[in-house]
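Engineer: One line per chain: the protein sequences are A, B, C and D, in this order. Letter by letter, the first sequence follows residues 0 to 228 in numbering that gives the first Met the number 0. Letter by letter, the second sequence follows residues 0 to 228 in numbering that gives the first Met the number 0. Letter by letter, the third sequence follows residues 0 to 267 in numbering that gives the first Met the number 0. Letter by letter, the fourth sequence follows residues 0 to 267 in numbering that gives the first Met the number 0.
Bear in mind the hints are in silico, worked out from the structure with no lab data behind them. All residues carry an ideal CB built from backbone N, CA and C; glycine is no exception. There may be inaccurate statements among the hints.
Just so you have them, the derived chain B footprint on chain C, three or more residues with Cβ under 8 Å [stated by the list, open to error]:
#, segment
1, 51 to 65
2, 94 to 102
3, 117 to 127
4, 177 to 184
5, 195 to 208
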Amino acid sequence: MNRCTAITMIATIARLLEGLRHVAIGASSPIPAAGALLARERSAGRMVVSILGSERQNPFTDGGRELFDCAAQGRIDAFFLSGVQIDARANVNLLGLGAPPRLQKRFLGNFGAPYLASLVPHLILFRTDHGPRSLVEKVDFISAPGADGRWLVTDKALLRRRAGRLQLESVHAGETLASVQSATGFPLDAADTAPTTPTPDEATIALIRGPISVSVGEIYPAFETLMRE
Amino acid sequence: MNRCTAITMIATIARLLEGLRHVAIGASSPIPAAGALLARERSAGRMVVSILGSERQNPFTDGGRELFDCAAQGRIDAFFLSGVQIDARANVNLLGLGAPPRLQKRFLGNFGAPYLASLVPHLILFRTDHGPRSLVEKVDFISAPGADGRWLVTDKALLRRRAGRLQLESVHAGETLASVQSATGFPLDAADTAPTTPTPDEATIALIRGPISVSVGEIYPAFETLMRE
Amino acid sequence: MDEPALCAAEALAARIPDGASIVLAPDYSGCALAVVQALLRRPARHLRLIGCPQLGLQGDLLVGAGCVDRVETAAFALGEFGLAPAFDRFYRENRIEVVESTCPAIHAGLQAAEKGLPFMPLAGVLGSGLVALRTDWKVIDDPFGAGPILLVPAIRPDVALFHAPLADTRGNVWIGVRRELMVMAHAAKRTLVSVEETVDGDLLREERAAAGTIPALYVEEVAHVPGGARPNGLFTCYSPNFETIARYASAARTEAGFASFLGEWLDR
Amino acid sequence: MDEPALCAAEALAARIPDGASIVLAPDYSGCALAVVQALLRRPARHLRLIGCPQLGLQGDLLVGAGCVDRVETAAFALGEFGLAPAFDRFYRENRIEVVESTCPAIHAGLQAAEKGLPFMPLAGVLGSGLVALRTDWKVIDDPFGAGPILLVPAIRPDVALFHAPLADTRGNVWIGVRRELMVMAHAAKRTLVSVEETVDGDLLREERAAAGTIPALYVEEVAHVPGGARPNGLFTCYSPNFETIARYASAARTEAGFASFLGEWLDR
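Using the sequences and the accompanying hints, generate a full structural model.
Structural biologist: Structure below.
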C-alpha cells in the first residue's frame with residue numbers, strides 16, 4: 000500500500016471516530032492507531048485512545064484483561080478489526096482459510112475479535128488490500144459476526160453494512176464504482192456513481208506524517224518509515 | 000480477659016502454627032495476630048504472616064480479594080475465626096442470636112468465614128470468653144461449618160474436634176477439668192484429669208509484651224495497651 | 000478543614016442523589032468521611048450501602064442519621080471497638096434492611112460487574128447457613144464436573160465513593176495496593192473520589208506510580224479534601240484517631256448520644 | 000550476556016520439566032528469552048504453551064526447535080512482521096496441536112485458576128465460530144435470566160515463565176502495570192522469573208513500588224539475567240531489536256534458515 004492511500008484511510012477513520020470518548024486499538028493495527036490519534040488531536044482532549052502494546056498510549060493499569068473488562072462495562076466506544084476475509088454480511092475471519100479446525104492456511108488467530116464484536120458499539124473493519132480474495136461473499140470462519148451499521152475502510156473505498164449487507168459509501172480518489180466492484184468478491188448495491196472519499200488537507204497530512212507517525216512508530220516502526228520516506 | 004491469659008492463648012496459638020508457611024489473620028483478631036507473629040519469630044523466616052488491615056504486615060498487592068483468591072489456590076495454611084457461638088461440632092456462628100434473617104441480636108457479621116471455612120486447611124477457632132453462652136451444644140446459625148481436626152483456643156482451655164465433637168486437649172493454668180466443663184455448654188468427653196496447657200517462658204512473654212504487641216498495636220491499640228500496662 | 004475543602008466535599012456529595020446505591024471502602028482502606036459529613040448535613044435519604052466488603056464508621060454515621068434504607072455487607076463493625084452502635088440500634092428497632100453477605104461474595108459480585116457479567120462463581124461457602132439466607136444466590140451443578148457450586152449475581156453500584164492519597168489534574172487517582180478501590184471504580188456506574196493531594200502531570204506516565212493508579216476514564220470527579228478520611232486513618236498518610244472513634248462508639252449507643260456527637264462533629 | 004547470567008538462565012530452565020504446560024507473556028510484555036534459549040539448548044521436549052493471551056517470538060523459537068506438542072493461544076504472530084514462521088511451517092506440516100482461543104477467554108481461564116474455580120463465565124463470543132471449535136467450552140442458560148452465556152474452564156499452567164525489570168532479594172518481583180504477569184503468577188503452580196536487576200530491601204514496603212509488585216509468596220525462583228528479554232523489548236527498560244526480529248521472521252520460513260539463525264543465536 001502506498002503512503003497516499005494509507006493517509007486517506009487514516010483520515011477516513013478519524014472522521015468515523017468523531018465525538019467518541021474512548022477508542023481502543025488492538026494488535027497489528029498501525030493505520031487504525033494513526034486514525035485514532037488523529038481523531039484525538041481534533042477532540043480538544045475529550046477522546047482517550049488506548050493502544051495495545053504501547054507504553055505511552057495506554058491508560059490501562061489492570062493488565063491484559065482490562066481492555067476486555069472495560070469493553071463489557073460499555074466504556075469502549077470503538078475498536079478495529081481486520082482479518083483474512085471479510086464477507087458481504089461484514090462477518091470477519093481472522094483465523095484462516097479452509098475448514099477449521101484443520102485449516103488449509105492459518106493466519107494469526109482470533110485475538111479478541113470473538114468477544115469484542117458484540118460488546119463494542121462502533122466496531123470498525125479495515126483492510127489494506129481490497130481484493131476479491133479478502134472481500135468475499137461468505138467467510139470460511141466467523142471470528143466476529145457482522146452487524147448493521149458497521150463500517151469497512153479499505154485502501155479503495157468506504158463501505159457500510161445496511162439491511163444485512165455491505166454497501167458502498169464512497170470510493171477513494173483514483174477509484175471508480177467499477178474498479179471497486181471488480182476488486183470486491185460480492186455484488187455491491189450502489190447507485191450509478193459513488194461519491195469520492197474526502198481527501199485530507201496539507202495540514203492533516205503533515206500531522207499524520209509528523210507527530211502521529213512518530214507515536215505509532217513506538218510499536219510499528221515500518222509504518223513510521225513508510226510515512227517518513 | 001487478663002494479660003496472663005492472653006499471653007497463654009498467644010503462646011498456644013503460636014504452637015499450633017509451627018511449621019506452616021503462610022498464616023493469615025482477619026478482622027477483629029488481635030490475639031491470633033500476636034500468636035502468628037510469635038510463630039513467625041520462631042520460624043527462621045520461613046513463615047509469612049498476613050494481617051488484614053495492616054500496612055506493615057501484609058504481603059498482598061491485589062486488593063481485598065487476594066486473601067480469598069489465595070486461599071482458594073491452596074496458598075494459605077491457617078486462618079482464625081471467633082464468633083458469638085461455637086458449638087460441640089465446632090460450627091461457628093458469627094452472625095448473631097435467634098432465628099435469621101431477623102435475628103434477636105445481631106453481631107458483627109459473617110466476614111469471610113463462610114468461604115474460608117472450607118478452603119483453609121488449618122482453621123483455628125478462638126474465644127476470649129469461654130462460657131456456656133459462647134460454647135453451646137448447637138449454634139443458632141452456621142457461618143462456618145466445623146470439621147474434624149479443628150482446634151479451639153479459649154481463655155480457659157485448648158480443645159479439638161475429634162469424631163465429630165470438640166474434646167478437651169488441655170486446661171490453662173488455674174483451670175481444672177471441672178471448671179472448664181462447668182463453663183462449657185456441652186458435655187466434654189475427657190479423661191478424669193486433663194493436662195495443663197504449657198505456659199510460656201519469660202523470654203517469650205517479653206517478646207509478646209515488647210515487639211509483638213507494638214506490631215499488633217498498629218491496628219489494635221487497645222491490645223497494645225493491655226500488654227504494656 | 001478549610002473552606003475550599005469543605006466546598007469540594009459538598010460538591011462531591013451533591014453528585015450523589017437520594018436513593019443511590021453506594022459502595023464504600025472498609026475503615027482500613029480509603030474512607031471519604033468529609034463527603035459523608037456533607038451527606039449527613041444534607042441529609043441524604045434512602046441510600047443503599049454496599050460494604051466492600053464491610054461497613055464501619057462511614058456506614059454507621061449514615062445509618063444513625065437516617066440516610067440509609069438498606070445495607071449489603073459481610074460485616075458491620077467499628078474495628079476493635081466492635082459493634083457499630085447506630086446500626087445496632089436501627090437493627091434492633093427494625094428500621095433497616097440488611098442483606099447478609101461474606102467478603103469474597105461482595106468482591107465477586109463487584110468483579111462480575113467489572114466484567115459485564117450477570118454472575119460470578121464462588122468457591123467454598125456451600126456449607127454455610129448464608130446460602131439459605133441469600134435467596135438471590137444460585138447453586139448449580141458445575142458443568143465441568145466439580146460438583147455443586149455457588150453463583151452470586153453482579154453488584155453494580157450507582158456510585159463508588161472513596162478517599163485516596165493522591166490524584167493528578169487529569170483525574171487519575173493513586174490508590175497503591177488498595178486495589179479493592181479500583182474494583183469499586185471499575186464496577187460502579189459513577190466514581191467519586193476525594194483526595195489528600197493533587198499534583199500536576201500524569202500519574203499513568205510515572206513508571207512506579209502507574210501500577211497503583213485508577214485511570215481517569217473510570218473517575219467522574221475528584222475533589223481535593225485534605226484530611227478527608229478523618230477520624231479514620233488513610234494508608235500512607237495518617238493513622239486513625241482512635242480516641243474520637245472510641246468516643247463515637249460509646250456515645251452513639253443512644254439516639255441522643257449520636258445526635259450530640261454528630262452535632263459537634265458537623266459543626267467543626 | 001555474561002557467564003553468571005547465562006548460568007542463572009540455565010538454572011531457571013532446569014526447573015521446567017519436559018512435558019510441562021507453560022504460560023508465556025506476549026511479545027510486548029515480559030518475555031524470558033534467555034531462559035527460552037536455555038530450553039532450546041537442552042532441548043526441552045513435549046512442552047504445552049499457553050499464550051497470555053498470544054504467542055510470539057518465544058513460542059515460535061520453541062516450536063521451531065521441536066520443543067512443543069501443543070499451543071493454546073488467541074493468536075500466534077511476530078507483531079508487525081505477521082505470521083510466526085516456524086509455527087506456520089509446523090502447522091502446515093501438521094506437526095503441532097493448536098487449541099484456538101480468544102484473548103479474554105485466556106485471561107478468564109487464568110483468573111478461574113487464580114480463584115480456585117472450575118470455570119469463569121465470559122461475556123460476548125457466542126456469535127463466533129470459535130464456540131463450535133471449543134468442545135471443552137460450555138454454553139448454559141444464565142440462571143439469573145440474562146440468556147445464554149459462555150463458560151470457559153480454568154487454565155492452571157504448571158509453570159508461569161516471564162522476565163521483569165526488577166526483583167528484591169526476598170523474591171518480590173516488580174512488574175508495574177503489566178498485571179497479566181501477576182495473574183499468570185497467581186494462576187500457575189510454579190512461577191519462574193528472570194529479571195534485569197535485583198535490589199536489596201523489600202519492594203512491598205516501598206509505597207510506590209508495592210502496587211506493581213508480585214509478592215514472593217507466589218514466586219518459586221528469581222534469576223538475575225540482564226538483557227534477558229532480548230531481542231524483544233522490556234517495558235521501562237529497552238526497546239525491541241526490530242532488525243533481529245525481522246531477520247528471524249525472514250530466515251525462519253525454512254527449516255534450514257531457522258536452524259542457521261538458531262545456531263548463530265545460541266552460540267553468542
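Engineer: Each of the hints needs a verdict: does it hold here or not?
Structural biologist: Structure-based check of each hint:
no.	hint	result
1	51 to 65	holds (count 3)
2	94 to 102	holds (count 5)
3	117 to 127	holds (count 7)
4	177 to 184	holds (count 6)
5	195 to 208	violated (count 0)
Going down the numbered hints, you'll see the structure goes against just number 5.
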